[in-house]
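Taken in order, these protein sequences are the chains called A and B.
So for the first sequence, the working numbering puts the first residue at 1; every next one is plus one.
So for the second sequence, the working numbering puts the first residue at 1001; every next one is plus one.
Where hints are given, some of them may not hold.
Said to hold, decoys possible - Examples of chain B residues lying across from chain A (beta carbon under 8 Å, computed): (1) 1044; (2) 1048; (3) 1057; (4) 1061; (5) 1080; (6) 1190; (7) 1406.
Claimed, not checked - Take a look, some chain A residues computed to stay more than 10 Å from chain B by CB distance: (8) 60; (9) 78; (10) 134.
Claimed, not checked - Computed, partial: chain B to chain A, Cβ under 10 Å: (11) 1124; (12) 1259; (13) 1352; (14) 1398; (15) 1401.
Hints in this document: simulated from the structure, not taken from any laboratory.
We put the beta carbon where it would ideally sit given N, CA and C, even for glycine.
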Amino acid sequence: MSDTPPPNTISRRDLLKAAGAAGAAALAPAALGAAVPTGNPAVPRALPTLATRAPVGPLMNLTAAETEILSAMIDRLIPTDDMGPGALDAGALRFIDRALSEAEADSVDAYRAGIAALDRYARYSRGTPFAELSARDQDSVLIDVQTGSATGAGAGFVGNSAAFFNLVKDHTWQGTFGDPQYGGNVDFVGWDLIRYPGVRLRVTDEEQRMLEAEDLEPARRSAYDFGQFQAGQSGGGAR
Amino acid sequence: MPTQLRGADVVVVGLGAAGGVAVLPLAQAGLDVVGLEAGTWLDRRDFAPDEIRNNVRDWPMLVKKTEQERPTSRATAAQTANQIGSHPMMNAVGGTTLHYWAQSWRLNPWDFRVVSETARRYGRTRIPAGSTVEDWPFGYEELERYYDLVEHEVGVSGQAGNVRGRIDARGNRFEGPRQREYPMPALRWTGFHEKMADAARGLGWNPFPGPAAINTAEYGGRGGCGYHGYCNKGGCPLDAKNATHLTTIPKALATGNLRVVTRAHVTTIQVDGDGRATGVNYLVGNTEYFQPARVVLLAGYTYENSRLLLLSKSDAYPNGLSNNHGQVGRHYFSHHQGAGVTALFPFDLKAWYGLPAQGVAVDEWADDNFDHSGLGFIGGGNLWAMSDRRPIGAANSGTFGRVRAWGSEWKRYIHENADRSHSFYIQKTTLPYEDNFLDLDPRVTDALGFPVIRITGEYKENERLAAAFCQDKAEEWYRAAGAIEITRGGVGGAMGASTHAYGGTRMGDDPDTNVVDRWGFSHEAPNLGVLGASVMGTSGARNPTLTSQALAWRTAAHLAESWSTIAG
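Isolated chain A (complex conformation):
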C-alpha cells in the first residue's frame, strides 16, 4: 500500500480502465445500441472521459489508503463498462464522504473497520490487497463479503461481513441514483442508467401520454433547482 496514490489523483489503473472502456464504446456502437430497448428515450450516454469523470478531492473521513480500497469496491458494484458510467463516475464516493460528515456520521467507524477487514480478507484468502486484485477476483471476494462468509479471527471480518456489504451498497445506490444535491448522480448518469425521466412538479395528462409513447425528454434537474425548496432540516418555519 506504500505506493497508493493520493485520492485526488487518477491512478494508472483508472487511466487504463477508462481508456479501455472508451475504446470499447468507440468500437462497438451497435453492440451498445443492441442492449437498449428500441424506442428508448434515454440511451446510455457517451462514456466518461477523464475530463468529465467526477473529480474526487481528498476525502474528509477516510485516508488515501482507505479511499483506494473503497473506490475499488464501489467500482465493482456499479462498474464503468460498455453500458456506460458507473458509481465512481456518478460521484458515489464523494456522496459517501459527505454523508459520513452529516447524516451518516454514525457509520464512520463501520466504514473504517469494514474497509480494513475487506482488505485483510483479500490478502488472507487471495494473497493480494483488494485494490490490486483483478476485477474477477474482486467480485469473488465481494460475493464472500455479501454472503457473510468473509469472517474468521484475524482473517477477515469480526462480525457479519454482509452488514458492511449492505452498508456500502445502500450508500452507493443513494450516491448513484439520489438527487444530485448530495454530491452524487453527477450529470444524472444514475437516472439515465435506469431511464428515470426526471424531477417534475406537475406532470400533465399529455406529458404522461408522451411518456407512455416514449416521447418525453428527461428533465435534467435537481429538486433544488426549482428554487422553492429549502434543503436540510425541516421545521424552522414560523406561523
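Put chain B on the given structure of chain A with help from the hints.
Same frame as chain A, but now just chain B:
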C-alpha cells in the same frame, strides 16, 4: 412547578389526522380550544421531491419527539422486545397527514359487525380462537354522515359505487350506501392501470379507482395533483394533498376559537381526586407548563395514546389513566399489509409519475364479499394496483433471481427493468387477540427517561390463511395482465410497528373490555376523550385514516352537543 396557564374549554393533545379534524367542529361550536402539537408548522418549502430526504433519511426534522419514542417490538410475551429502527410517525402541525399516502377509504358495513355477521352466516365457532373481536357499538349507518362531512370538508377524490343504494359499476359495488358522490373525481389512471383493470374484468372482477384525500380539481382554494411521484412520505409541493394543516386546522383558527401551541411535548394528563381530567402538563424546551381544561381530548398516534394514559398514574388511577379495568393497551393489532406479491412485466409500466393513492382496486376478496364456507378464515383483503416508483427504490428492486444484484450484468438488467416491476401490498382483515397488546417497556426509555411503548404481537392463523388466499388472487391478477415473474412475501410473523396501528383504547359499550364508550369518552374519566385508530376494534381491509377522522369529528360534535354533561 409548572407554569399555570389560563384555562381552556378543551385541550387537544396532538394536531394530526384526528386531532386536526376534531378542532374544527369544536371551534365552530364556540368552544375555547387549545391544540398542543409537539412538532412545528411545515409548508411547501419543506416538501422537496427528494428521495434521500423523504425516504432514505426519514425527513430530518427539527422536532424529534417520535424518533426518541420509538416503540420496542416482539412477537410474543416470552421474548425480549427490541427497539425499532425508525418511528412510523412524525411530529408537525397536521402530523403524518403531511406525508401519508392519503388513501381515504370508508370501512365496509361488515367491518362494524364482524362477530354478529360471522355468527349469522357461518356460526359463532368461526370467530378465531383467542380473538377478542367485538362488534362495534354502532353500525356503518351511524358513521356515514361523518364520513360524508370529512370527505367534503377535507376534500376526497374518488368514484362512488353506491349512492343511496344505487350501484354504480365504476365504483366499489361492495361499499356501504353513501348519501352523495365524492366532491372530486378520482385520480387518473395510466396505461398500466387500464391494463390491470382490463385484466381484472377478464377475471370477472369489478375494478375501480380508490379514494384519496388529494385534489383532482380546484378545491378548498388549492389546485389538483401534479403526479410528481414523491407523494409516498413526501409532503405536497403543490398543496394538493389535503393534510389537516391545510384544511380543518386553518379553518378552525379562522374562527378565533383555536390556539395552536407548537413544540409542546405533553408528558402527563392530570386528574383530580374524583378521577376527572383537569388538564395536561407539557414541556416547551426545558420549561414546563400546565394547561387546565374542562375536557381533554387525547389525539396522539395509537402508540402514544396508550403510552400517555399508562404514564399518567394517580391515586385515582394507580395503573394509568382510565386503566382501572386493565384495558389500556389491550386489543392492539398492526394491520396485516405484508405478505406482498411482486411481479415483473415484459414492458415498461411508465409508473414514475404517480402516487400510491392512484390505482386500481378490487374488492371481491375483501371482508365478507365472498363465501367463506369452505375456507379456514374470516375476512380477506383489498387488492390494490397502485403507482409508486422513485429512482433509488427502483434501482433497488429485486431481480427475481435473474442476475446478481450488482455488477455489469445487473446494470444491463436494471437498465431494462427498473420500470417493469410492480408490488401489491394487500391490506387484510386483522383481528385483536388476547395475547397481542401494548404496554410500557421495562428497559427502554425516551430522552426524558419515560418508558417507550412495547408492542407484543404476531399474526395468527386467521391472518396467515387470509394472506395466502389473497396472494393467490393477486398472482392470478398479475398473470392475467401479462406478468412473467412472480415472488411472494412471507404470510405471518411478528406484527411490529405499523402506520396502521389499531386498538389500545378500544371503543365499546362494555367497560370491562373497552376503554372508551360509543362516543369516544372514557368509561372511567368522563371528561377524557380519545381520538384516532386506537379506538377502532376492527381494521377492515383498507386504510384507517378516514375512519379515524370521521370518528374524531363524531366525538367532537358529540362533545359540543353534550357540553354541559361532559364538561361537568
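>> Please check whether the beta-carbon of residue 78/A is more than 10 Å away from every beta-carbon in chain B.
In response: violated, 6 Å
> Should the hint that residue 1057/B touches chain A count as held when the rule is a Cβ pair under 8 Å?
Replying inline: holds, 5 Å
> Regarding the assertion that residue 134/A does not contact chain B, is the least Cβ-Cβ distance greater than 10 Å?
Replying inline: holds, 14 Å
>> Restraint: residue 1190/B near chain A, CB-CB cut 8 Å. Satisfied or not?
In response: At 6 Å from the nearest chain A Cβ, residue 1190/B passes the 8 Å test, so the hint holds.
> Per the CB criterion, is residue 1259/B less than 10 Å away from chain A?
Replying inline: Constraint on residue 1259/B not satisfied, violated at 13 Å.
> Can we keep the residue 1061/B interface hint, with Cβ of chain A closer than 8 Å?
Replying inline: holds, 5 Å
>> Hint validation: residue 1048/B versus chain A, beta carbon distance must be below 8 Å. Holds or violated?
In response: holds, 4 Å
> Hint check: is the beta carbon of residue 1406/B less than 8 Å from a beta carbon of chain A?
Replying inline: holds, 5 Å
>> If I take the minimum Cβ distance from residue 60/A to any residue of chain B, is it greater than 10 Å?
In response: holds, 19 Å
>> Given residue 1398/B as an interface hint, is its Cβ closer than 10 Å to any Cβ of chain A?
In response: Given a least distance of 13 Å, the restraint on residue 1398/B is violated.
> Taking the closest Cβ pair, is residue 1352/B under 10 Å from chain A?
Replying inline: holds, 6 Å
> Given residue 1401/B as an interface hint, is the shortest Cβ-Cβ distance to chain A below 10 Å?
Replying inline: violated, 15 Å
Checked against the numbered hints listed earlier, the structure breaks hints 5, 9, 11, 12, 14 and 15; every other hint is satisfied.
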